[in-house]
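Sequence lines, in order, name chains A and E. Using my numbering, read the first sequence as starting at 105 and increasing by one per residue. Using my numbering, read the second sequence as starting at 39 and increasing by one per residue.
Since the hints were derived computationally from the structure, they do not count as laboratory data. No residue lacks a Cβ here, since even glycine has one placed at the ideal position from N, Cα and C. A couple of the hints might just be wrong.
To be verified - Computed list of chain E residues with no C-beta within reach of chain A, every gap over 12 angstroms:
id, residue
1, P45
2, L215
3, K251
To be verified - Within a straight-line C-alpha distance of at most 27 angstroms, the following computed DSS-like cross-link-like pairs (lysine-lysine) qualify:
id, chain 1, residue 1, chain 2, residue 2
4, A, K172, E, K86
5, E, K94, A, K185
6, E, K125, A, K201
7, E, K125, A, K140
8, E, K132, E, K229
9, A, K172, E, K142
10, A, K123, A, K196
11, E, K55, E, K243
12, E, K84, A, K196
13, E, K84, E, K70
14, E, K229, E, K58
15, E, K124, A, K109
16, E, K70, A, K109
17, E, K125, A, K109
18, E, K94, A, K116
19, A, K196, E, K132
20, E, K124, A, K143
21, E, K84, A, K109
22, A, K144, E, K124
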Amino acid sequence: MATYKIAVIGDKDSILGFKTIGVDTFPATESEDALKTLKKLVSDEYGVIFITEELASELHSVLDELNKRFLPAVVLIPNSKGTLGIGMDQIKQNVEKAIGADILFRKEG
Amino acid sequence: MEVRVNPTRMELNRLKKRLKMAERGHKLLKDKRDELIRQFLILVRKNKELREEIEKELSGAFAQFLLARAVMPSVILEEALMYPTKKLCLEIHKQNIMSVYAPKFTWVEEESTQGEESSIYPYGFVETTAELDSSIETLSAVLSRLMELAEVEKAVQLLAEEIEKTRRRVNALEYVLIPKLAETLKYISMKLDENERGALTRLMKIKDVVRAKM
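Whenever a hint applies, use it, and build me the whole structure from the sequences.
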């Protein structure tokens with residue numbers, strides 16, 4: 105059984121804490137850096153990649169592609185400025201894609 | 039929109055078989071889709087709950103970390119975090135949800151080789167602040183659920199993809215292939231009947247002619 109590693113990409117303020125719990129950290133502030141890192145990590149042995157929403161917001165097409173694959177699992181996390189709601193939005197999109205209508209988040213109406 | 043075919047009895051039989059097959063496939067795929075959606079709904083609800091929880095907790099941890107960063111000189115902070123006490127390794131198994139393969143994560147912590155009983159804090163408490171401690175405590179507490187979120191979210195994404203594909207197939211069978219086949223079948227049987235009637239009248243006519251001559 106091959107073992108995989110866990111990585112986190114984000115701005116330094118948000119991800120330094122992850123280092124202490126044993127996750128590999130890759131600081132990036134620009135989406136281009138993040139994209140480069142992400143590509144490197146995908147071809148490497150990373151099973152789970154956490155990425156801050158702020159960076160992910162500009163990498164939509166790449167992430168969509170990755171989401172169709174078995175590995176790696178890319179998970180959006182909020183950064184130190186709080187959540188942007190992109191992670192939630194992704195769940196919503198998945199529901200719409202699968203069922204055709206948004207039945208989880210629909211407001212009463 | 040019927041298929042252009044030779045209106046023969048052989049063709050009729052062949053198409054009848056195809057129609058039967060298409061209907062069976064349609065029923066099976068429909069069942070598959072229904073079950074996929076059921077599984078999907080269970081997972082997506084869990085996904086939503088987990089994400090809500092985790093986003094709240096992580097934001098809290100980050101806020102505290104930011105505080106710690108503000109209070110402490112960044113050199114000391116980075117020095118404190120430079121050598122983590124453990125390393126996370128991930129084992130990945132396949133789990134099968136309705137023949138959709140999703141990864142299942144189990145993680146092991148590899149303690150680094152420090153002789154003493156290792157805590158989650160990789161630093162001494164002299165130069166660091168309490169905010170850093172609590173930030174890291176929250177982070178390591180949230181980790182197991184973070185991994186669960188990764189697993190669930192991946193499964194949800196893969197399921198959504200599969201459901202979309204299955205639904206497209208169901209619809210193609212239901213609204214395109216099956217009606218088309220049915221129409222062609224009707225066309226062939228009409229044509230055959232027509233031919234038969236044609237042959238019959240011809241026979242009768244010939245019989246009349248022959249009789250008149252006798």
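Does E:P45 clear chain A by more than 12 angstroms, comparing its Cβ with all Cβ atoms of that chain?
About 40 angstroms separates E:P45 from the closest Cβ of chain A, which puts it past 12 angstroms; holds.
Check the hint pairing E:K94 with A:K116 against an upper bound of 27 angstroms on the C-alpha distance.
19 angstroms, holds
Within a Cα-Cα threshold of 27 angstroms, do E:K84 and A:K196 meet the stated pairing?
13 angstroms, holds
With a cut-off of 27 angstroms on the C-alpha distance, tell me whether E:K125 and A:K109 pass.
Roughly 9 angstroms separates the two Cα atoms, so the pair holds.
Would the hint linking E:K84 and A:K109 be met if the CA-CA limit is 27 angstroms?
25 angstroms, holds
Keeping to a limit of 27 angstroms between CA atoms, is the pair of E:K55 and E:K243 held or broken?
Not OK: E:K55 and E:K243 at ~37 angstroms, beyond 27 angstroms, violated.
Could you check that no beta carbon of chain A comes within 12 angstroms of the beta carbon of E:L215?
Since the minimum Cβ distance to chain A is about 21 angstroms, E:L215 lies beyond 12 angstroms and the statement holds.
Given the hint that E:K124 pairs with A:K143, does the C-alpha gap stay at or below 27 angstroms?
This hinted pair holds, its Cα atoms lying about 26 angstroms apart.
Check the hint pairing A:K196 with E:K132 against an upper bound of 27 angstroms on the C-alpha distance.
Measuring from Cα to Cα gives roughly 25 angstroms; hence the hint holds.
Mind checking the alpha carbons of A:K144 and E:K124 for me, to see if they're no more than 27 angstroms apart?
23 angstroms, holds
Take the C-alpha atoms of E:K70 and A:K109, compute the straight-line distance between them, and say whether it is at most 27 angstroms.
34 angstroms, violated
So if I understand the rule, the pair passes when the alpha-carbon distance is 27 angstroms or less; does E:K124 with A:K109 pass?
13 angstroms, holds
Taken one by one, the earlier hints fail for this structure at numbers 6, 8, 10, 11, 16, listed in ascending order.
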